[in-house]
Amino acid sequence: MTELLSMALAAVIINNVVLSQFLGICPFLGVSKNSKSAIGMGVAVIFVIFGASLITYALYHLVLVPFKIEYMQLISFILVIATFVQFTEMFIKKYSASLYKSLGIYLPLITTNCVVLFVAQDNITQGYDLIETIVNSISVPLGFMLVLYLFSCLRERLDSADTLPSWKGNPVALVVAALMALAFSGFAGIV
Amino acid sequence: MDTVFSIYGIVCAVILFAVMAGIYCSAYYFNHKTPKPKGCENLKANCDGCKVTSCMNNPIHDYNKGDNKND
Numbered sequence: 069m070t071e072l073l074s075m076a077l078a079a080v081i082i083n084n085v086v087l088s089q090f091l092g093i094c095p096f097l098g099v100s101k102n103s104k105s106a107i108g109m110g111v112a113v114i115f116v117i118f119g120a121s122l123i124t125y126a127l128y129h130l131v132l133v134p135f136k137i138e139y140m141q142l143i144s145f146i147l148v149i150a151t152f153v154q155f156t157e158m159f160i161k162k163y164s165a166s167l168y169k170s171l172g173i174y175l176p177l178i179t180t181n182c183v184v185l186f187v188a189q190d191n192i193t194q195g196y197d198l199i200e201t202i203v204n205s206i207s208v209p210l211g212f213m214l215v216l217y218l219f220s221c222l223r224e225r226l227d228s229a230d231t232l233p234s235w236k237g238n239p240v241a242l243v244v245a246a247l248m249a250l251a252f253s254g255f256a257g258i259v
Numbered sequence: 305m306d307t308v309f310s311i312y313g314i315v316c317a318v319i320l321f322a323v324m325a326g327i328y329c330s331a332y333y334f335n336h337k338t339p340k341p342k343g344c345e346n347l348k349a350n351c352d353g354c355k356v357t358s359c360m361n362n363p364i365h366d367y368n369k370g371d372n373k374n375d
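So the protein sequences, as listed, match chains W and R. All letters in the first sequence, in the order written, are residues 69 to 259 by this note's numbering. All letters in the second sequence, in the order written, are residues 305 to 375 by this note's numbering.
Bound conformation, chain W alone (with noise of 0.2 Å):
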């Protein structure tokens, strides 16, 4: 258990998908202007990442292991994750239409959202079992939540605040960005 829970914090916080791998950087940038669609954003790149990783298990050691053909590993997992990207928007479109307005336009992009395809191959590399593979999918998106929604509160104040006008937007967006990286790396060595 206290594996398990220095995994997932490790997860959130020491290795942070954005802030120390340096992955999902378009949908930090892009979706990162209000707090409202960070949360948005958030919410089905959890729900996207734990379903596609917990299939992507199941498809290399029920399929690509026993059929020795480990080598379709990335090409199959980008398969699933489009596909469950579809079937997800589907599903919503029909069954949800309040969850659609909310996050409908974030779906389609999240199928390029590297960190989908990260989580699902380092289930793999690292050699995690089924419950590994669920707290890894679960904590790696919620650090990805967990960053974002405080890179967007910090925008939102950034608009209001008095800065150089060449400075205005992006430039003084992606110096915090490096501050923030900065910070996160005090975290390191904690677990």
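These are calculated hints, taken from the structure and not from any lab test. Treat the hints with care, since some could be wrong.
Below, computed lysine-lysine pairings styled on DSS-like, alpha-carbon distance capped at 27 Å [claimed, not checked]:
| id | chain 1 | residue 1 | chain 2 | residue 2 |
| --- | --- | --- | --- | --- |
| 1 | W | K169 | R | K342 |
| 2 | W | K169 | R | K337 |
| 3 | W | K162 | R | K337 |
| 4 | R | K340 | W | K169 |
| 5 | W | K162 | R | K340 |
| 6 | W | K162 | R | K342 |
| 7 | W | K161 | R | K337 |
| 8 | R | K340 | W | K104 |
| 9 | R | K340 | W | K161 |
Among chain W residues calculated to face chain R with C-beta under 7 Å, some are [claimed, not checked]:
| id | residue |
| --- | --- |
| 10 | F135 |
| 11 | K136 |
| 12 | I137 |
| 13 | M140 |
| 14 | L147 |
| 15 | E157 |
| 16 | K161 |
| 17 | Y168 |
For the chain R half of the interface with chain W, some residues (derived, Cβ under 7 Å), not all of them [what the hints assert, rightly or not]:
| id | residue |
| --- | --- |
| 18 | C316 |
| 19 | G326 |
| 20 | Y328 |
| 21 | C344 |
C-beta atoms are modelled at their ideal positions from N, C-alpha and C, and glycine is treated no differently.
Put chain R on the given structure of chain W with help from the hints.
Quick look at chain R alone, frame taken from chain W:
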């Protein structure tokens, strides 16, 4: 000889790829056929755009539509 690229493995890989691509294509088709809920027909992302111009949330697509209207 049990090589990684045995004929049996290649056939399995091709079948797996065909099945998965088929599932993806049908999911894409049915997703496109599913009507959007009322009030969600013209949802727009709060996005200034990045270098991914194939993304439909990129404002470059709106700009192109505006250009066509002016013509």
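For each hint, the structure was consulted:
Taken as a hint, the W/K169 and R/K342 pair is honoured in the structure, with Cα atoms around 10 Å apart against an allowance of 27 Å. Distance restraint check for W/K169 and R/K337: the Cα-Cα separation of roughly 18 Å lies within the 27 Å cut-off, and the hinted pair is therefore satisfied. The straight-line distance between the Cα atoms of W/K162 and R/K337 is roughly 11 Å, inside the 27 Å bound, and the hint therefore holds. Our distance criterion of 27 Å between C-alpha atoms is met by R/K340 and W/K169, whose separation comes to about 10 Å.
Distance hint between W/K162 and R/K340 is fulfilled; the C-alpha atoms sit about 8 Å from each other, no more than 27 Å. A threshold of 27 Å between alpha carbons decides the hint, and for W/K162 with R/K342 the separation of about 11 Å falls inside it, so the pair holds. Taking the CA atoms of W/K161 and R/K337, the gap is near 11 Å; set against the 27 Å cutoff, the hint holds. Between R/K340 and W/K104, the direct Cα distance comes to roughly 22 Å. Compliance with the 27 Å bound is thereby established for this hinted pair.
At roughly 6 Å between alpha-carbon atoms, R/K340 and W/K161 fall within 27 Å of each other, so this suggested pair holds. At a threshold of 7 Å, the smallest CB-CB gap from W/F135 to chain R is about 4 Å, leaving the interface hint in force. Taking 7 Å as the C-beta cut-off, the interface hint given for W/K136 holds, the closest approach to chain R being about 5 Å. Annotation: W/I137 was flagged as interfacial toward chain R, and the flag holds, the nearest CB pair being 5 Å apart, inside 7 Å.
With 7 Å as the threshold, the beta carbon of W/M140 comes within range of chain R, its nearest partner Cβ sitting at about 5 Å, so the hint holds. Restraint check, W/L147 versus chain R: the minimum CB separation of about 4 Å is within 7 Å; hint holds. Residue-level restraint check for W/E157 holds (minimum Cβ-Cβ distance to chain R is 6 Å; threshold 7 Å). Annotation: W/K161 was flagged as interfacial toward chain R, and the flag holds, the nearest CB pair being 5 Å apart, inside 7 Å.
With a cut of 7 Å, the hint placing W/Y168 at the interface with chain R holds, because the nearest CB-to-CB distance is about 5 Å. Hint status for R/C316 relative to chain W: holds, with the closest Cβ pair at about 4 Å, below 7 Å. With its C-beta approaching chain W no nearer than about 10 Å, R/G326 sits outside the 7 Å limit, and its interface hint is violated. Checking R/Y328 against chain W: minimum C-beta separation of about 5 Å stays under 7 Å; hint holds.
The criterion of a C-beta within 7 Å of any C-beta in chain W is met by R/C344, whose closest approach is roughly 5 Å, and the hint holds.
Violated hint for the displayed structure: number 19, the only one.
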